[in-house]
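*Asks:* Taken in sequence, the protein lines are chains A and B.
Counted the way full-length UniProt numbering counts, the first sequence spans residues 1 to 319.
Counted the way full-length UniProt numbering counts, the second sequence spans residues 1 to 566.
Calculated directly from the structure, the hints in this document are not laboratory data.
Among the hints, erroneous ones may be present.
As the list claims (entries may be wrong) - The calculated lysine-lysine pairs, modelled on DSS-like cross-linking and capped at a C-alpha distance of 27 Å, are:
#, chain 1, residue 1, chain 2, residue 2
1, A, K129, A, K208
2, B, K561, A, K277
3, B, K535, A, K274
4, A, K164, A, K316
5, A, K51, A, K208
6, A, K316, A, K51
7, A, K164, B, K535
8, A, K129, A, K316
9, A, K129, B, K561
10, A, K274, A, K164
11, A, K277, A, K208
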Amino acid sequence: MSGDDLEAALTTRTQNAPSELLSRSFFFLCAALSIVTTIGLIALLATEAAKFFTFSAPLVGVDGATAGIVEFLTGTNWDPTNGSFGVLALVSATLMVMIGSSIIALPLGLGTATYLSEYASPRLRSVLKPALEILAGIPTVVYGFFAVIYITPALGTVLPGLSKFNMLSACVVVGIMIIPMVASISEDAMSAVPDELRQAGYGMGATKLEVSTGVVVPAALSGIFSSFILALSRAIGETMAVTIAAGSTARFLNIIDPGAYTESALPMTAAMVKLVKGDVTGGGLAYRSVFAIGATLFVITLVMNIVSDVIAHRFKEEY
Amino acid sequence: MAADTSDVTAGFGQVSRTAGRVFRALLLAATLFGIVFVTILLLYVANDAIQPLTADPGWHLTFFLTLVVPTAGVGAFVYRRSQAAFQTGMLALGFVAVALLFSGGAAMLFIDIVRPLTWLAVVVALAVPAAIAVGVTAYDQRLPFLARFGVTTAAFYLSLFGLPGPLGTVASWLSQLGLPIPLGATLGSVRLVPSVVDVVSGVPVAPAPWLMLVATVGGPIGVVAGHAVARDRGRRARVAASSAFLAVVAVAGVVGPAVGVTPVPAVVVAAVGVVPPAAYAADVAVNAPRERVGLAVPATVIVGSLVGAGIVSVVGLAGPQSWVDWAFLTSAHSTNAESAGFYPSIGGSILLMLSVAVLAFPVGVGAAIYLEEYAPDNWLTRVIDVNISNLAGVPSVVYGLLGFGLFVTHLNRPAGTVLIGGATLGLLILPIIIISAREAIRSVPEAQRAASDGMGATKWQTVRNVVLPRSFSGILTGTILALGRAIGETAPLIMIGAPTIKFSLPTQVSETVTAMPLQVYAWSSLYATPDFYTKVVPAGVVVLVTVLLAMNSVAIVLRNKYQSHD
């Protein structure tokens, strides 16, 4: 028996010992559960949403009221009790939350990341980073309450026409909420920029400001963009803060009109909560529309997460 | 040409520092903006909930003199003598606060959710098969693994569930679905062999509940604490220390009724809230003489609070009219803001957290171990990898839909129960646990694995003896943070149909449950009156945020300690 055979025989015996097989298969099952979850999620959303649309409902054996997929995707009027399901009314509100919160979170998050990565002393970092982490740990329902009880009255003194529930304060709290996400992922990307690049910049006579904005930020751009997209996808999926703060009237708003932000609207997630919390009874068309909104939401966030992943890996600077 | 050169050299090497300074200040402002903003909001809400200004000025003065002044003095003294000692003191202080907070939760568990006899039965039912497993191994070292494994598994199953147990329920489900299983329909309801749990919890004569808790809760905690304190001082010292801690717990059960606390909560608070910080203090005092002086800080705070409370009650100075009071913490919801309470939601959150931990922790750590230690570099691994990071980005409300659709619509389970809530939140935090556990496992030095392999250890032996112990605190940190996320979530619970208002605590996993964030949402949406907005909701927010901050700070302290030791 040659040496190789011996080694193979020895390792095979230990690798296939019952305890090894058992532990390995247990760990594999745990990891495979994530695949099962995803498949289950997609299958569930697909079948339940299929019960909602006219073209697919007969396929899954639903008779009763249904809605057209074209009206769903292009309609601008959302009124489930009267049978109009135009999801664009909800999407417009969700987009407003995304735009409004990103105006706050992206610059502040990028500034935080730059400060933590380039300027802060190790001692200050060791205080600021846990503080940001704690900021991220406050439940979203609390942020929603803050928006209604403190931020809206405060903004109301500046903007007299502000309604009690409005998009503006929802945007503010969602923006604050996603700062830590932008900051931590961008900071990781900036810290990964090798020191040689900075030293080269200094060697060319650049100031710290020029090195930070001209060397570090461009070198970490793929990570920064992927953090932006992840944060935006988080803002889109954010539920409780907008449910409490944004109001419950679905309306199609012009997302680039600043005046629209003083009004109340119904983002997708808030609409799902509102439907489940009972203005409609179980089993009906309005109830099934929850899954249609959920599927739309899932597709949007999934696409954004994949895009973020692609940006982070494809466009990564290789040093 | 000459003139050009002099122009260049005139400004050479001179840079205005203004732009750099302004930029730096802007960045610092951006960093502080969110932190300061939220801190101010939290102060506002704490002010609304606790109303410190309604207290008698004499009350403030008393506590200023007995608590603030001595603490500041002692703290400054300790800090100047040794910063390490000061840190130890602050850690001990935080430990006291967190342990007392969690002991309140544990006391609640034993008063209203788990009967002490049932608890004793579960502990016995776990101890019996564990003893059998140890005995089998000791009887014959060379017993084949599968035989040992089979005996152990069967012993645990019999002891916890009896026959046919949950397998019978599964069989009856499957037979309902049309699979040919003999006796399928009856297996779900009959009981052939009773489990140890049933036997013990059915005994007609049982010791007093608090005595059972002294043994089952105080015993293990006392042993762990005693071993930690006297770890270098031999067996006799360890036994003595353990017995001392156990005695503290037992004494609490006797003394409790004398000061107006029923024995059960007294025992639990002593075991969970008093013994661990006391053990930490004793550990510092015995094993770290240089940091001993730091213990003066928590001692001053505790003595100062007690003295202050004594003076205030003797002189009769009114404290603040806080909405976070005993009645709020121990009563249920009411349509009247003054008498509305948080009790069922606190208990619900504790139960949800426990079930999430039981369901998600082993699976999450197992998946992380597979991906870091076992997974070959092939397409399946990459799919799992990408899939986990995508699952982490799925909105929580969609997980709620998954929980509802899967468990309620398709499996016909009742909506909004502890089990479904735990499973849904467990799926939600699974990716977070996996990602953080992978990071912790990755930080174990490769050389240690190689050393273990070199000594002939198998993969599983390396994982069990090297990787898991070395990465345990990192895994624990990530899990605590993830559990914090789980108990702060509201949307998935709404989606699975958890009731927003409940008046009692669930005593079984198949009962409906409410949770703290859900209750806050109900109060701020369904009962959106100014009365609720200014009294009850701030109180609920303060309790919820306190619990989460406590959990997160435990996790962060744990991580910092572990990182600095590496």
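*Asks:* With reference to the structure, classify each hint as holding or not holding.
*Replies:* Verification of the supplied hints:
no.	hint	result
1	A:K129 - A:K208	holds, 22 Å
2	B:K561 - A:K277	violated, 44 Å
3	B:K535 - A:K274	holds, 25 Å
4	A:K164 - A:K316	violated, 45 Å
5	A:K51 - A:K208	violated, 59 Å
6	A:K316 - A:K51	violated, 42 Å
7	A:K164 - B:K535	holds, 19 Å
8	A:K129 - A:K316	holds, 25 Å
9	A:K129 - B:K561	holds, 15 Å
10	A:K274 - A:K164	holds, 18 Å
11	A:K277 - A:K208	violated, 54 Å
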